[in-house]
Structure formats: C-alpha cells, structure tokens
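Each chain is listed here by its residues.
Protein chains: 4
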Amino acid sequence: MLRIGMLTSGGDCQALNAAMRGVVKTIYNNSKEDVEIFGFLAGYRGLIYSNFRMVTGKDFSGILTKGGTILGSSRTPFKTIEEPDENGLDKVEAMVHTYHKLNLDCLVVLGGNGTHKTANLLRTKGLNIVTLPKTIDNDLWGTDMTFGFQSAVDIATNVIDCIHTTADSHRRVFIVEVMGHKTGWLTLNAGMASGADIILIPEIPYDIKKIVKAIKRRQENGSGFTILAVAEGAISKEDAQLTKKEYKKKVEKRVHPTVSYELAKQIQDETGLEVRVTVPGHMQRGGSPCPYDRVFASRLGSEAGKLILKGEYGFMVGYKNREIVKVPLEEVAGKLKTVDPDATIVKEAKMLGICFGD
Amino acid sequence: MLRIGMLTSGGDCQALNAAMRGVVKTIYNNSKEDVEIFGFLAGYRGLIYSNFRMVTGKDFSGILTKGGTILGSSRTPFKTIEEPDENGLDKVEAMVHTYHKLNLDCLVVLGGNGTHKTANLLRTKGLNIVTLPKTIDNDLWGTDMTFGFQSAVDIATNVIDCIHTTADSHRRVFIVEVMGHKTGWLTLNAGMASGADIILIPEIPYDIKKIVKAIKRRQENGSGFTILAVAEGAISKEDAQLTKKEYKKKVEKRVHPTVSYELAKQIQDETGLEVRVTVPGHMQRGGSPCPYDRVFASRLGSEAGKLILKGEYGFMVGYKNREIVKVPLEEVAGKLKTVDPDATIVKEAKMLGICFGD
Amino acid sequence: MLRIGMLTSGGDCQALNAAMRGVVKTIYNNSKEDVEIFGFLAGYRGLIYSNFRMVTGKDFSGILTKGGTILGSSRTPFKTIEEPDENGLDKVEAMVHTYHKLNLDCLVVLGGNGTHKTANLLRTKGLNIVTLPKTIDNDLWGTDMTFGFQSAVDIATNVIDCIHTTADSHRRVFIVEVMGHKTGWLTLNAGMASGADIILIPEIPYDIKKIVKAIKRRQENGSGFTILAVAEGAISKEDAQLTKKEYKKKVEKRVHPTVSYELAKQIQDETGLEVRVTVPGHMQRGGSPCPYDRVFASRLGSEAGKLILKGEYGFMVGYKNREIVKVPLEEVAGKLKTVDPDATIVKEAKMLGICFGD
Amino acid sequence: MLRIGMLTSGGDCQALNAAMRGVVKTIYNNSKEDVEIFGFLAGYRGLIYSNFRMVTGKDFSGILTKGGTILGSSRTPFKTIEEPDENGLDKVEAMVHTYHKLNLDCLVVLGGNGTHKTANLLRTKGLNIVTLPKTIDNDLWGTDMTFGFQSAVDIATNVIDCIHTTADSHRRVFIVEVMGHKTGWLTLNAGMASGADIILIPEIPYDIKKIVKAIKRRQENGSGFTILAVAEGAISKEDAQLTKKEYKKKVEKRVHPTVSYELAKQIQDETGLEVRVTVPGHMQRGGSPCPYDRVFASRLGSEAGKLILKGEYGFMVGYKNREIVKVPLEEVAGKLKTVDPDATIVKEAKMLGICFGD
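Protein chains in written order, with the numbering used here: chain P, 1 to 358; chain E, 1001 to 1358; chain Z, 2001 to 2358; chain G, 3001 to 3358.
Pulled out of the complex, with its shape left as it was, chain P reads as follows (with noise of 0.2 Å):
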C-alpha cells in the first residue's frame, strides 16, 4: 500500500489541478501496490489540523482545464512557521505528527518560494517530500519555468491588448500594472507580447525623467499613445537606494495604492497628458490554464509520480535546458530567480526600442 499525501500551498494559479492530475494519473496507471491519496485542504493547514479527503482518479477526471485548486489554498503558515498558532500549538511538530499518525509514505507538495521553503524545512524532520513549482510569477529557483506562469502571461497581455485599442483612439498614456511579487518576469513578457512602449521591472530600477523623455519622443513622432507596462514591484532609482527599512516606510506612506498610481501622478504632471491607470490583479492567477502550461504541467505531475514510484525524495520537478530534472530542495528553499538586467531577452527588448526607464 503506498500512502499519498497531497497539497497546494500560496497563493493559487493556474494548471495546479492538471499537476495534481499528473501525479494521481501516473501513480494509479503505475504502481504495482494499491493506492491512498490524502488531499489535504487549504494549504499547510490541512496538514497542521490533519484536515483532509480521500481523492481518488475519479477526483481529477475533467479538471485538466479547471482554474485553482480543488483542494483549496492558504498563505498561513510562511510567515509564521516559526511560532506556535493562536492555541499555542507548534506547527512544524503538528505537520510532522500528522504525516506521522496517518502513516504517509511520501507528501507531494505545489507551491512556490514560500512553500518551498516550509517544504525544504519538513524534509529536514524527516519527511519524504516531493514537489512541484507553482508561480505565476516565475520567481523559483533551480527551473526555467513554473506552471502558471505563461497562462498568466497569456491574461496580461489579453489586458494589454485590449487598452491598446483605446489608448490609440483617445491618444492617452495608459499604464497596466502586472503582477510577479518581486520580479519582472511576467511584466517583461506580456509587455513583450503585446508592444508595450515602456517597461518597468524591479531588476531594473527607473529614472522618471527617461520615461518621461521617451513619452513626449512618441508624442513628437505623432504616435500619440504611450503604453507602459509596470510590474508591481517596480521601483525608481532613488528607492532602490533605500534599506529595506526605509523603503517599507515610504511605501506605507504612499497616498495612492501602488507603484502605478504615484508613476501616473508623476507623468501627468510632467507631460501634461491624460494617464489612466488599469489594476488586473487577481484575474492573472485565474482561469483556465492555457494549453502550454497544461502540458508543462501534466509532465511535471508525471515525472512527480515516477520519483514516488522509485521512492525518490527530496526534491522539486524543476525544467533546465528543456530537460526534466530533480532539484534537492535545500538548493531551492529561500532562494529567488530574477531577471538578469543584462539577459539576452532584455538587451533585444531594448533594441525592439522599448524603453526600460534605466
């Protein structure tokens, strides 16, 4: 008998159901003893308060395009393994018990850098973990890629497509803020698709008065329209300049919202022209996943399901050089992929002449 147990853990997106699927299709097609598969619910908490389902194949029949996850998701525990819950109780030793009572041979775990790192940590109790990366934001280290991530892109750029349109016939400056937590990736990438003029990323900290003179050029070649895609991490040259510290202050002071709203007070003052501003937010973790991330992460489920089978654990499925690997989770844990300012990608994005603000 192999006992399964399974969990999505961060904030959702796209293509968790088809990984999920991946791993249970490959495990029951495959596995010469008999099969239990424990869902736990909502994240590490279903862990912590041993909350969970049986699931079976029939659980993940039809849900290849289904958005989110069935076994629902949770941000609690990243922030604060470390301290007991509101009843005093020790998380890590209450996750370590569960595995432990209900007689797990393995736990699969999808989730992004916070998870990894909880997950890293529960591998260093002794548990067998496997995992699978999780991100819209394509921030993990030790993968070129993560689920989600392009069916993301995909939303981003429909949204900026569509604002092209009316930037064009109103002749304003518009300015979509795109999601990716502390990196450019998904910015860089929809910005990309859909001929963004400016884009803004934290690898690549912006001087204002750049975008400012790269806006009014496009007025004098009468393009008339400027769009700017901004990562919602994005920032200006003097805030990098900030300790973390200093930067956390200022931001809380803020008047607007994000990042978007000061940039959009700061050029409509600077240029005189109309700048309207458009917050997708959550929508770009929603959805369907789209048809590359199936696959990706059918075949991530898959190999998932192998390692299971050989008895292989700790590690993530990760993608390096188009290949499928497995990459020790202490690798991974706390660690953040970022775009490189100097990446091939971004010195062709700049000879295409979008401008980066730097």
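Pairwise CB distance ranges (calculated): (1) G:ARG3053 - E:ARG1254: 52 to 60 Å; (2) Z:SER2223 - E:LYS1310: 22 to 30 Å; (3) E:LYS1265 - G:LYS3216: 57 to 65 Å; (4) E:GLU1238 - P:ASN103: 54 to 62 Å; (5) P:ALA240 - G:HIS3100: 47 to 55 Å.
These aren't lab readings, by the way, just hints derived from the structure by calculation. For each residue, glycine too, the CB sits at the ideal point set by N, CA and C.
Given chain P, put chains E, Z and G in place with the hints provided.
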C-alpha cells in the same frame, strides 16, 4: 456628388469601426452619385477645427474586427459646448461653419449620451445629422441595445470567471468593479453571466447589512467564497438620500478611489473575511468586438447608409423590439435609459438567489 | 412534496447546464414544498427505461459555464418514436409509465425541434410538460432566440476569423462549412460577423454562376481572396427544384461528403483558383457558453421554474420581442423557423455587398 | 545605405508579421546607415519576378498581433525550383538577378522546410541570407522551437476542448484531425493539453487493434466517450511497411479524404460506436499569434536584425537550450526534426495513460 462627414465622439468602444464600415460600404455599393467621405479626427474636435482626412472603402477594409476607432475620439466639447474655447472660438458656430465650408450633405455621428446632446444641438442649427448608438453602458434612450455593450459584457464576464477560480481556492470575498457609468446594465448582465452571488447597481441602492448577511449565509452554507459584481456607480441607500451636491462632496472626501474599495473595507470590518478588489477598468471598452456587436453594428451602419441615400435626416438609428428603427434626435438627447428595479430580468435574478442588497 | 423530472434531448449545445441550473435554483430557492428532482439520463432514453439519478442544487453548482449536459443526451426516440424498441417495448407508453410510476408532478424537457414533437406527444398523453428551447440552429418556432445559438455564432465566427488571415496571405478561396441543419441563421450571423464575402443558406438557393462571377469580380478588384460561409444545408437552384426524394438520392450519390466539397470543385473548375474547405463540425456545439447564452438560458430556466411553482404546464418558455413568454406546445411542435429571404437583415447584408448567390 | 530584401514563403502561420516587425524595428532603431527594405510579394515568386514594395517601420506598426503576412506568401518555387517556369525562365537565376539588380546587401527569408532548401541554394549562389524558422509543424532541424507552433497548439487544443463537452454528453468517439505535416509535434502537444485519450502521430505507427482495445476498455470503465487526436500524417503499422511509392498509390485510392475518416470507419465497424470526425484544417495556421509566439518571434527577429547589422550571413536564427543561436543554413536544409518515439514527453504521456496505438 454626395459629401458625407463622419465622426466618433465620447469614450471609445468596440465595433465603432464595424459601424462606420457598414455606413461606408452601404453608401459606396448603392449610391448612384459619386461619394466623398470626410473623416473628422478626434470627435467633434475635428469638426470644430476642420481637422479631417478623406476616407474611402479601402480604409474600412479589414477593420470589422478591430477595436477602437480609426478616426480617433475625444470627450472635448460635451462638458463645455456652450463656452468658447481657450481662444474665444464659439465651438458650435465653428462646427456649423466647417460643415458648410466643406459643403457637406450630412454628418454621421457615432456616440453615446453626451454626443447625442451635441448632435441634436447641431440639428437645431440646420445640419443634416444621422447618429449611431455607441456605448458599452447601454444607457441610451430610444434603443433597446447599443453596440459595444455585448463586447463589454463578454470582457467583464471573463474577468469574473477568472476571479471565480481564485476566490474558490482561497475562500475569499472578491469585488469586481464593472463599468456602466450611472446605470447597471453592464454589471447586471456580466454578474448574471458569471454567476456572481451579489450584484450592486445604481438603480437599486444597497443596504450594507443585507450584503453582510448574504455573505455570512454563504459562509454558513459552506460555500466559503462570495463574488460581488459592483457597478462603478453603485450607491448605498443612505447616499441615495443625499442631494447631488452633498453626494459629490462626500465622494471627493473618500479615502478610497472608488465605491468598491469602500465596500471592501466595510465588508472586511463586518465579517473578518479577506476581501479583494479587481478593477478591470478601460479594458472593458477595448479589444475586438464580439460577433454579436459586429453583426449589430454592421446592420445599424447599413441602415444609416440607407437613410442617407434616401436623404432622411435628424434620426438616430436604433433597435426596438427586434426591429431596426429611426428615432428622432430630439427624443434621444438628454435622456438616460436605466434598469427598472422591477424589471423581469431583475426578478429572475432574485429568484436565482442573487442578492441585490435591497 | 414537488417531484420534478428533467431531461436534455437531441444534439447537445452550450448552456444546457446553465438552463437546468436556472430551473433548479429557482425552484429550490422559492418552493414552499420539499423538492425532489429526477434527472433522466441520455434524453428520452432515460425516461423510457427509467434510468435516472436524483439531482440537487449541489449538482448544479459551478456548471453555469460548463458546456455539454450533465444528464447526457441522445437522439434516440425521435426518428422512431412511433415504433417499438428492439424488445417490442412501446416507447411512448414506457415514458408515460415511468412518469406515473415515479409520481412526478411535471417533466422539464430541454431540446430542439425533434424533442418538442415528442414533448407535445407526451403532453397529449396527459403529462405535465415544460420545455426550454435549446439548439444552435435557432430554428425553433415560437421563440425569437434559442440558447446555444449565440455561442455557436461565436465559434463559427472565430473559425472564419482565423481563416481570413491565411486566405489573405495566400490569395485563396476558402469555404467554411457552418452548421445550422436546414436553416441559415447560424451561417448568416457568423458570415456577417466575420466579413464573409459570400453567404449561402438553404433559404436562398444559389446559382453557381453568380458565385463564380462574384469571385472573379473580387479578383479583378485586387482583393485576391474570397471567403464563403456556406450552411451545411445550402442548396443550388437546380437542386431546390427536385422533389425531396430525388434530392436525397442525388445527395447519396455525391462523391464529396458535403455540399462544400462539391462547391469547391465547381469553383476551382470555373475559376482556376485554389479552393480550400474547412469543416469545424461539432466544435460549434461545444465549449463554454458565451455570456449572452448564460444570461439567456438562466433567465429561461428561471421562468420555467416559475411556471412549475405556479403549476402551469404545456408550454415552451420562449422569447418574443424582448419579452419572455410561454408558448403552447402544440404551436411549437413540428414547425420550423427559417430565414425569410426578404428579411431586413438579408437586405442589409446585400447592401453591405455580401453575395447570396441569388 | 543598407539595402535589405525580405520575403515570407510557404504555408503561412501566426507571428510572421511579429517576426518581420522584430527585424525591421531592430534595424531602424540601431543602424548607423540609412536603411531601405524591399518587401518581396508572395514569397520567392516576388523575388523571381522582381515584384516588391518598399516597407518602412510604419508598415510594421500595429501588426505584432496580426495573423498572416503583410507580404503575402506562396508555395511556388519549392517543388519545381529546378525547372524553368512556363515561359522558360530559370527561377534560381532570376532570383539571383533580382538580388543584384536591386543591389541588396542581404535577404531575410521567413519559412519552413521547403523554404530553407531554396534559401540554402541561394546562399550557394553567393547571396547573403538570414532566415527565420516559421512553421506550425515545429519540424525544422536546428531549432528546438519554431514560431507559429504554440499558436497552432492553442487553436487545436481549443477545438478538442469544444469537442470534449459534446463527446461527453453523447458518449461518442470523436476524432480530431490535427495538422503537422509528416511530424507529430502539434498533435502530441494539443492532445496532451486537451486530455485526449488516444494520440496518433506519424512517428509511432499505430495498430488498429490496440486502438479498439483502448476504446473498449474506456467503455467498460464507464467513461463512455473517447477522444482521439490524430495527426494528418498518422500511419498504421502495415502502411508504414510499404515503400513510399506503394503508400502514395494506396492513399490515392482511398475513398475517404484523410486518414481520420478511414480510422473512423474502422473503429465504427469494430466497436459499433458512433464515431465523428472534425477537421479544423487551415484555421490552425490563422488568427492572432499567441503571446508566447509574439515574444519568441520578436526575439528571433531582433537577433536576425543584429546579424544583419554585424554583416553575418548564411544562418538561420534558431533556439537551442533556451539560448538564441545562429545555425549554418547548410545544416538546416533538407532535414526534418521528428518526435523521437522514446522521448521523455512520450513516456510521460504513456504513464498518464494516453494510448499511442503502439
């Protein structure tokens, strides 16, 4: 020789190009005289300052599916039509002057409420006017439907569809703020299409207590998440009691940029649940028109062409009881078509279990 | 106790689930009695053989956006309803028997033309019937619109949109064969929405010479390519003269599977141009319903629920002049709603320059 | 002065315009010399007959998202490149002549397999050539990916998604015939993305008995329906034994137009189940490129521009192990990149339970 002026005015929307293509193709294919079409740029502004370009059938080839307007648009003269411009120019006089100077036979105007007010004014000055009902808000008097509306419903619905998966996974409350100006057509339709649990529209002022109650009931039933489709013009029962002036003052003092953020705060305070806001904004008026709008705008455009060929002026081409009709401009101008709180569709929505907060 | 049977019959289409959800939610939310809903599987077949499962509100949660039908469908009894089945069972009797055996208060039937004939027959046998107009063909008598239709228009339009770019690049003639059974609603709307140059529908028999002439004229004008939207039921003027029997015989002898392939051959022979055929087929009845259909089907479903709550039977819930109406079943059964060759929309299409081959 | 020729050849696909825009923008933005770009019309045909138009940055504004190619394409010279045209003109000589007559510095060629053969031939005649890998088939040697491929995957996946709902409702067997020429890349990816049960590709000849067995097993398991994604080049084990000539003869004798219809007949005969065929055909190469292709094609275009600015010729710009690389044309020409039957992705698909009929 038939000399036709054409302009698109007000906030742009989908199918403007499709509608103009309909007019132009119909006239070119069916006129016995030679035809010249003057496309005024950036709405009435082009008419005021005699800024135009000659357009032919070729300009309208391949644009049936294109969002925006190839003539550009602006909101300029509406708010200040009575006042002279910054150089002391009487705008109405200037428009009449351009019309006569170019020896036009008629002027085709595509626009919404504000646009129709000005169009009617020009009619009283002796200009031959034919108008087409363009707005995503569907709030134009004299027609059951405006083009742009169904396309905007499609986009707003897609946004809520995406939010649905993430709301479900995280058991959160989500507010999606939908456009529609002072009417609830767009929110009502997108909300019903996407299975929103609560729909708030300007025509049905809401009681925050009813909303909180509905959310709590869903929690108790185990649904866990709640989706609110909130019109940008939604208003509470108390605020609906205020005079226009008092309400305007109150809105100006608002810390949060829109009603959705205020609501989010109130719900969070009352329920303790996480509430997230998504504001798709201008994307709702962008992108390729949906097939419904393409057919509808082409038909209206064709009928406008027919009116011109017959020399019948002073009408908006509208849609009533599945018939295309001509509506005298004086009947359209200055009125608003709102959602009747007792309409059948509202009653049906309520029977389906949708809460309107009343 | 209210005991309701429900079934979906005939070729499936989008928004069947949305419509059933509308019925069920309305009844559960508003019935003062307890409710039991029997979902018969695979259309009338389920009623004949008493094959059903109990469904509740839960079964209809989250299926507003799902294509297909959770009850399954079949075309079984329509063609042979009068004949006994292979075991000598009288089907009509069997259905009446199941109805009484389960002590049903009424039966909700979702279907198209064939389905309504049977539904009316059951009505004459004393069963309480309420029906909903389902078909992508929009050919049901007694209602201006059927659900599924607009979704199919969207898909067929998207197909032609895709073909447009390749037709333009290669200067080819393309035929897209659109569904619609014996009527041209779907082809007419998808053709107009996608800017097809030639539209062929059963209601307007075509003259191949006129088609060839239109294609040649486009070649001369430098357009280079031509797109034909051809209804699966399109027919030539000569064939339209044949008796039904003669025509059937002729079709059976056809080398090419459909009218499109025949047309392609003729056009290629007459013009020397490369002609390609695309047959999207059943994809036109699949996938998620469009927002229009979701709202429309929900509304119809809700009204069907209301009729049941009031105990009014023997009606199809239809849509007439923007009002939801109840249409006596005997008026619906056995009739076809076709495109009037002199309808306004056809005239408009012709003024836009579209060739119908007549 | 930099004088650049450009042409698109072979079957068109998505992102051709995006790629050309990448080349042109990069050169205009970064060249120190003046630039003139000659756009040859309808592929090599334009080069043979010196049929071109001058293109500038403006021609490429707003076409990032547009399908097709603004230069037109044709398949002309590939099959008969060696033979003179109908007037006795030596085509290769004519192309060389045009190149020199216009005093070109280089020629940018966008195309697939056939196109590259000719491009390499022109290289051996002393022309400066840079090529870009365009094909929905992804079968070009020397690059991991071609643009157009992911867009075609998206479309084919969407077709199968639509079919899924109707297959499920009616418990039928559905065959969707996917493009891909002689390789299975497109079918494999679209099949995995859409959850097809059986995937048949040319690289893995099928045994009809295995297919029938898989369908019957699904029936027994209660799944009821089966979806087959079948490559247009799929081949049975027996046919794979034939010589090329024998196979060609056999295909010519086929009653049914494609392998899918043959398969449908066989399956129907063996299982008694209703089998339906859908052939989306050319729509797979049309419509707006997906965001992935837009970024990818822009990047390749930009790198081609860089090569030209540096005067490096004789290369295809390709993609290898996530790096953009230059591949000598002589290595690319005349080779085919096929799916390795033992590739990891195939193994993963099999572990997921997908039947390949082998």
